[in-house]
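Asker: From first to last, the protein sequence lines stand for chains S and B.
Be aware that the first sequence starts at 1, since it is given in the numbering used here, and climbs by one per residue.
Be aware that the second sequence starts at 1, since it is given in the numbering used here, and climbs by one per residue.
Derived from the structure by calculation, the hints contain no laboratory data.
Predicted, not measured: the structure shown is a model, and the values here were computed from it.
Heads up, a few of these hints could be off.
Straight-line Cα separation of at most 16 angstroms, EDC-like style, residue types lysine to aspartate or glutamate; simulated pairs [to be verified]: (1) Lys101/B <-> Asp26/S; (2) Lys70/B <-> Glu10/B; (3) Lys101/B <-> Glu107/S; (4) Lys73/B <-> Glu29/B; (5) Lys106/B <-> Asp38/S; (6) Lys101/B <-> Asp26/B; (7) Lys106/B <-> Glu59/S; (8) Lys73/B <-> Asp31/B; (9) Lys73/B <-> Glu10/B; (10) Lys101/B <-> Asp56/S; (11) Lys101/B <-> Glu102/S; (12) Lys106/B <-> Glu29/B.
Computed beta-carbon distance windows for the label pairs [what the hints assert, rightly or not]: (13) Pro40/B <-> Thr86/S: 16 to 26 angstroms; (14) Glu107/S <-> Lys78/B: 20 to 30 angstroms; (15) Tyr54/B <-> Lys14/S: 45 to 55 angstroms; (16) Ser28/B <-> Gly53/S: 23 to 33 angstroms; (17) Ser30/B <-> Gly40/S: 24 to 34 angstroms; (18) Met27/S <-> Asp31/B: 18 to 28 angstroms; (19) Asp56/S <-> Ser30/B: 16 to 26 angstroms; (20) Met27/S <-> Gln8/B: 28 to 38 angstroms; (21) Lys78/B <-> Met41/S: 20 to 30 angstroms; (22) Lys9/S <-> Leu109/B: 17 to 27 angstroms.
We put the CB at the ideal spot given by N, CA and C, even for glycine.
For reference, the chains in residue letters:
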Amino acid sequence: NAGVTQTPKFQVLKTGQSMTLQCAQDMNHEYMSWYRQDPGMGLRLIHYSVGAGITDQGEVPNGYNVSRSTTEDFPLRLLSAAPSQTSVYFCASSYLRDGAGELFFGEGSRLTVL
Amino acid sequence: AQTVTQSQPEMSVQEAETVTLSCTYDTSESDYYLFWYKQPPSRQMILVIRQEAYKQQNATENRFSVNFQKAAKSFSLKISDSQLGDAAMYFCARPGGSNYKLTFGKGTLLTVNP
Numbered sequence: 001n002a003g004v005t006q007t008p009k010f011q012v013l014k015t016g017q018s019m020t021l022q023c024a025q026d027m028n029h030e031y032m033s034w035y036r037q038d039p040g041m042g043l044r045l046i047h048y049s050v051g052a053g054i055t056d057q058g059e060v061p062n063g064y065n066v067s068r069s070t071t072e073d074f075p076l077r078l079l080s081a082a083p084s085q086t087s088v089y090f091c092a093s094s095y096l097r098d099g100a101g102e103l104f105f106g107e108g109s110r111l112t113v114l
Numbered sequence: 001a002q003t004v005t006q007s008q009p010e011m012s013v014q015e016a017e018t019v020t021l022s023c024t025y026d027t028s029e030s031d032y033y034l035f036w037y038k039q040p041p042s043r044q045m046i047l048v049i050r051q052e053a054y055k056q057q058n059a060t061e062n063r064f065s066v067n068f069q070k071a072a073k074s075f076s077l078k079i080s081d082s083q084l085g086d087a088a089m090y091f092c093a094r095p096g097g098s099n100y101k102l103t104f105g106k107g108t109l110l111t112v113n114p
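Isolated chain B, as found in the complex:
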């Protein structure tokens, strides 16, 4: 079975500091996409960032960036200058079995302390 592992059930960070959320996955594919989704208390699922596996360059979206290590099958999310609004559950996801069915990790609950 295709799996996605988020080893940190909970993390906390001070406002304005940097935090890294980890994610590892398994795959037999050579070309695929990886995603980080955010779920704030409103319950809405929001795409944070997307990485194409064939691209060497790590994806960046404003304060959010990834550290993608293809050989290690690692896909961590770095949040810089953390803000109170970043407090949420974060899910790592990758296509499982076909390119459009996403398999999600169990999530990391991020708390941002003022």
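Excised from the complex, chain S in its bound form:
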């Protein structure tokens, strides 16, 4: 039972570098999303997708790109990393079922931008 798998779990970047956080789920969920968690801020939605080929912006999308070419995968790209993007990132997925669906989370990825 893999659930939601995120890689890498830890990453250190230098300012200006780019990278991709990978997210895969094996539950055939239509909905996938990325959150960032910062101290005292809770979880804030970055981008989300309701199906392959469909993505949309959340609350804090600037500096991030996403794509959804398959149901299973939803990578998050940092185009030019900035220290303000130092955070813990969570991928989460669920069924689209009138909001009743539980969000299943990955284990998180801690990113540090120097």
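Starting from the known structure of chain S, arrange chain B on it as the hints suggest.
Answerer: Frame of chain S; chain B shown alone:
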């Protein structure tokens, strides 16, 4: 903007005692779901309990129960017979803008004292 407010950044409770974590939210919807998630030091996000807004009866899951006051837009979590393993960050969440995008509060850090 849809908001979720957790007014207690930190709480503490003695082992075996009862503690209540508060949450208020805003919404223009009449039918929606509310959630409490737990994040232990492992960082994994775990669903604790879910409440359907159209149901009058408060949800209960073993030692966890909610006090849902729809008119007041209040959704508190009561933990009975607190255990050391309950120590975690607790997040209240509700769908924001559509039924599947969750908006989270900033969290309440619960400490359980032996």
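Asker: Sort out which numbered hints this structure fails and list those numbers smallest first.
Answerer: 1, 2, 3, 9 and 12
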